[in-house]
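Once you've looked at the hints, dock chains C, V and R against the given chain F.
Protein chains in written order, with the working numbering: chain F, 9 to 370; chain C, 9 to 370; chain V, 9 to 370; chain R, 9 to 370.
These are calculated hints, taken from the structure and not from any lab test. You can take every hint at face value.
Note that the list lumps identical chains together, so a pair holds whenever it fits in one copy or between two copies.
List time: in silico BS3-like cross-link candidates among lysine-lysine, alpha-carbon distance up to 27 Å:
(1) Lys-177 / Lys-197
(2) Lys-278 / Lys-322
(3) Lys-197 / Lys-313
(4) Lys-331 / Lys-280
(5) Lys-313 / Lys-280
This one's a predicted model, so the numbers in the text were calculated from it and none came from an experiment.
Protein chains: 4
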Amino acid sequence: MKNTIGNSVTVTLFGESHGPCVGVVIDGLAPGIPVDRALIEKMLSRRRPAGGVSTARQEADAFTIESGVFDGYTTGTPVCIRIPNTDVRSGDYNRSLARPSHADYTARQKYHGFEDYRGGGHFSGRLTAALVAAGALVMPALKAKGIRIGTHICRCGGIQDRGFCDLEKDLDSLEQLGFAVLDSDAGEKMAQAILKAKAEGDSLGGVMETVITGLEAGLGEPWFDSAESVLSHMLFSVPAVKGVEFGAGFAIADMTGWSANDAFYMENGKVKTLTNRAGGINGGITNGMPVVFRCAVRPTPTISKEQNTVDMDKLENSVLAAKGRHDPCIAPRVAAVIDAVTALTVCDLLAQRHGTDWLAGK
Amino acid sequence: MKNTIGNSVTVTLFGESHGPCVGVVIDGLAPGIPVDRALIEKMLSRRRPAGGVSTARQEADAFTIESGVFDGYTTGTPVCIRIPNTDVRSGDYNRSLARPSHADYTARQKYHGFEDYRGGGHFSGRLTAALVAAGALVMPALKAKGIRIGTHICRCGGIQDRGFCDLEKDLDSLEQLGFAVLDSDAGEKMAQAILKAKAEGDSLGGVMETVITGLEAGLGEPWFDSAESVLSHMLFSVPAVKGVEFGAGFAIADMTGWSANDAFYMENGKVKTLTNRAGGINGGITNGMPVVFRCAVRPTPTISKEQNTVDMDKLENSVLAAKGRHDPCIAPRVAAVIDAVTALTVCDLLAQRHGTDWLAGK
Amino acid sequence: MKNTIGNSVTVTLFGESHGPCVGVVIDGLAPGIPVDRALIEKMLSRRRPAGGVSTARQEADAFTIESGVFDGYTTGTPVCIRIPNTDVRSGDYNRSLARPSHADYTARQKYHGFEDYRGGGHFSGRLTAALVAAGALVMPALKAKGIRIGTHICRCGGIQDRGFCDLEKDLDSLEQLGFAVLDSDAGEKMAQAILKAKAEGDSLGGVMETVITGLEAGLGEPWFDSAESVLSHMLFSVPAVKGVEFGAGFAIADMTGWSANDAFYMENGKVKTLTNRAGGINGGITNGMPVVFRCAVRPTPTISKEQNTVDMDKLENSVLAAKGRHDPCIAPRVAAVIDAVTALTVCDLLAQRHGTDWLAGK
Amino acid sequence: MKNTIGNSVTVTLFGESHGPCVGVVIDGLAPGIPVDRALIEKMLSRRRPAGGVSTARQEADAFTIESGVFDGYTTGTPVCIRIPNTDVRSGDYNRSLARPSHADYTARQKYHGFEDYRGGGHFSGRLTAALVAAGALVMPALKAKGIRIGTHICRCGGIQDRGFCDLEKDLDSLEQLGFAVLDSDAGEKMAQAILKAKAEGDSLGGVMETVITGLEAGLGEPWFDSAESVLSHMLFSVPAVKGVEFGAGFAIADMTGWSANDAFYMENGKVKTLTNRAGGINGGITNGMPVVFRCAVRPTPTISKEQNTVDMDKLENSVLAAKGRHDPCIAPRVAAVIDAVTALTVCDLLAQRHGTDWLAGK
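Excised from the complex, chain F in its bound form (with noise of 0.2 Å):
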């Protein structure tokens, strides 16, 4: 299904870096989930390029909804998103030296040339910001439901953030923080080791660790559509994500079975597990603990260091330093796009155990 996702909650994206806008479709939403506008340009802001740890690039992200909602509650029909592009410069692009680990290359073998090349064209993470608005417009609904989403860097350019505690605490702050780290001090030397990086024409990766809380047991399927599955496929939609990984993850492979096991026991009447080694979800199907994932984010390949790379109108090899504006670790910038895709996701889970009306209450 290329560029839409989804069984009962679908998502179609469309756009590129330099056109006239990047956009979103969600169908499938409940009629009456309650818009909250605010929330939205939240959100954007949280995905938006920060001080000087991202690119150059500025953009209001001034989206507008072009259907789906009427009187401030989603009617139940598509939603479309739109985001105009205001700040490009398609200048700063060549198009025949592929940037290497970027998707210059793959796009000429897969479009034949017809691609739009501006700015990543298509594969721009710009059209992640489509993505945290429709993610951010689900989010009301989740929350009605007493379920919540939060991502942290726990890691970035060797500094390690602290591991999720008081949970409900920390998406409380979450919420609130431009950089999403647990530990200020933590974040604090990450975002000089970014600093560092860029001053270096050179980048970073990190990695992400995303929980959700508030998921009833019950959700995902045994075999091709676990909750596993469906997560990692849409994880692995962010650029830039190169593993996922749940509860103790490659952890676990190195465990024995003794010790990995998340023991049951009974608390107030319910049944719940002592650890959560398998990230809330056994055989595919949550089990009511929190799920833990991770996602692996590759340093930005666009980078000012100069690289051996080929010519691929001359097919010769030849040198790149990129110019353009790019982020030095997009790390910062990803937080808010998994949470808006995870939510997404788990509409979806939701929307079709329980039917296309629940999320909204009835």
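Showing chains C, V and R alone in chain F's frame:
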């Protein structure tokens, strides 16, 4: 879509561990793919419990092709493969005690007690036999296009296998092996570690590494059907997989852009990359280099050591020491499963790009 | 999606006329639907060739439920129903002569000669047995929700059946009948017309009329998944259907708005319409009135009268007088098929709106 | 999938009659299709209200292509077309009185009162402008493959147009016409009948007949995605369509097999049929003959004559005489819509068979 996956080539899975059979329907295959029954048998035998390192349950896996094959070739209509269950001992299972980190509790939450609990029911690893048969069915078509797939246990019980080296030779040897390692000494040590865990009533996990060679550049989509998205969707459908990473994966998060980027260069008129930290995928689209990924496989949750858990009927704390037959480590068996589901995913990507007839050479 | 249909409740069909079996996988059904094997047998017998008016091929249709049912209830996991083929005589079929208006020629164009040509292969009406079994499986769930479905032959061989009148009584009687007519005299004349066509080596078609009662208002979508769209998609999948119309159908094209509109009125606090020329669907969405549609069924293309055709191997004109066994009119048998596929479509619409558990009352 | 349709080439529709715009996203198009803006404008003008026979609402339909087109060619990424709403007069609409046979009541049942009721909201025929633009976008690709599509009003107000005769000439003339008839005298009479209905505060319907020429044999699937199924799914998405029939359609139900069958014969080395009662489709698959189908279009439900209805707020009987602007007959405008959605469906069938690049000649 629950138990169906794929766009052009779809796979539908059915069956329970202790029902009459497990089975699979593969739809969208090109007409004219030669069916190699011996290869299906061989791949099924690679998945079958081996010597001491696996469960004592032994099944001949005497599959029948129920439809879609005529005179030794696929017809282009749905292929159903059915594998009867024979060595079934339901008495071994207890219904009310939830095995920690297994699907007993989540199945009850999802299916309200109507689930077939015997032997894990629809959640049983037994269903992977059907997936393996389906994957083996399409392998000759991929091979004819120069595409090969191989998986080895790159880590198990703290022992590391060597990495891929001479890809063609390594793939040749993996095809012949019951225990999928590249370094037989490492394999010997892993087998000992597994037997030790078994003797202690415990279990082990592992990390599987897979390579796909001969894949053209241009497969996958920029966003929701990125090559990573569709592969991970399928891979997380394999029971016990808790992490998936491509290329350098989580390690790339700690590199800088300069060290993480794969420089392009020309070799015999072809564009290649000097390194392959992106795992053959840039911007969600294959770049013509080998696709490389790793899956974290959790230790088998069913162990005979005593564990704390809850009684789901009485809703009270309890203690469980699983009897039944189970694998002390599924890593050796899961290699064939990952090969199979990877083959099915690759067929789908190719059929989307080149149409439904292409796989058979038309 | 080729051989899979549905969004929340999906149906996957497989098998060939002269292969080992035909079968179907139904996925997405609620856990806890009681399975009524006798009803499945009864609906299969309604589809089975009757007395003189049908083909001489006789099959017991001894179906097995291969998965997804446990202790008499659906489990919520995929239900596979398998019906073995027994009374198979492949010698009757000729490969090179294309039967006019049959799928021989188009199958060869699509499958390049790899198709299983015996008895129509995958195109055979034989596969409708699997559809009927699938439909019968879900009928008890619909009945429990107050939803009933019935189909009668409203025209055949120039003879008109009376229209629906007292819906509940009419549906009662259709459930009991082998030959689905509301007026038994008309049925008698139709049977005679069919026998006459048979004696002449010819065949007849007919128009089927279906009613769904008890359906809530609000099912279907404004655009691409209008109730008419999803029903017609399924109905045109039934072999021989060449037209589908809802309510007044083609006749409404000749009315004026004033005469075509169904006036709303209140009855016992409920909104109803005085007439039902829209067939219970306004703007693609059910309005709570009975859903009514008609399907045009073409005369069986296989006739024993001599016909001009081509030899597909020699690519030259030829003459064909079909032997084999075939129905002189499939209208009597297709009633059960239309009931079944309608039931499956209704389940899908309900599950999308109310979620996956709703059909079983949860 | 609600507002998205298609497998390889998908169409997503959004917008409301009185919102800022209507729009469409077309995904899966081959890169390199030349975009003919003049053709899009021309097809939009064919859909636009004409002279006296249509609604007084006049819109310039000044569409913008928001994405997926670069330097005059499709890029292969999603194309979004946006058409702003300009001539909007919301005061004309009453919220509580359900217009008979319109979607007011069903929308309220489905969307619980959150629907945008102004001008029919998301149900408005206004959205077909976006469909027409999408269809016009792909027309050049089909034409380059020798595929043509044309629709005429074959019956309206009791007046019959002549049937298709010299297909190429007929298609040429239909492309030029505002009022899509093959016999201009018949067209004149139809226009008079429409004006008469309008003068009486009433409306007319009609039957549309469509032909697709140049289509290869082998498109469509044996069962759920039969060519009839996918076409009818799309056609019943067009507002006001209440019946769809292929070839001889409902009339074939009254023929015998002997008279209904289309005899094959050889012509210049090609297999053809002497007649085309099957409408170019055998066994769900195109046979290379022209595909022919007819759609029954109901008379516009909105009429100014007084009608009985209910007040949905007060739940009591009431009387309605619609004001607003509306078409006395949509048949003249719907021809362009049917051409457009047929073109989109054909693209999808071709892209599934031949892959995503084929449409642009690669």
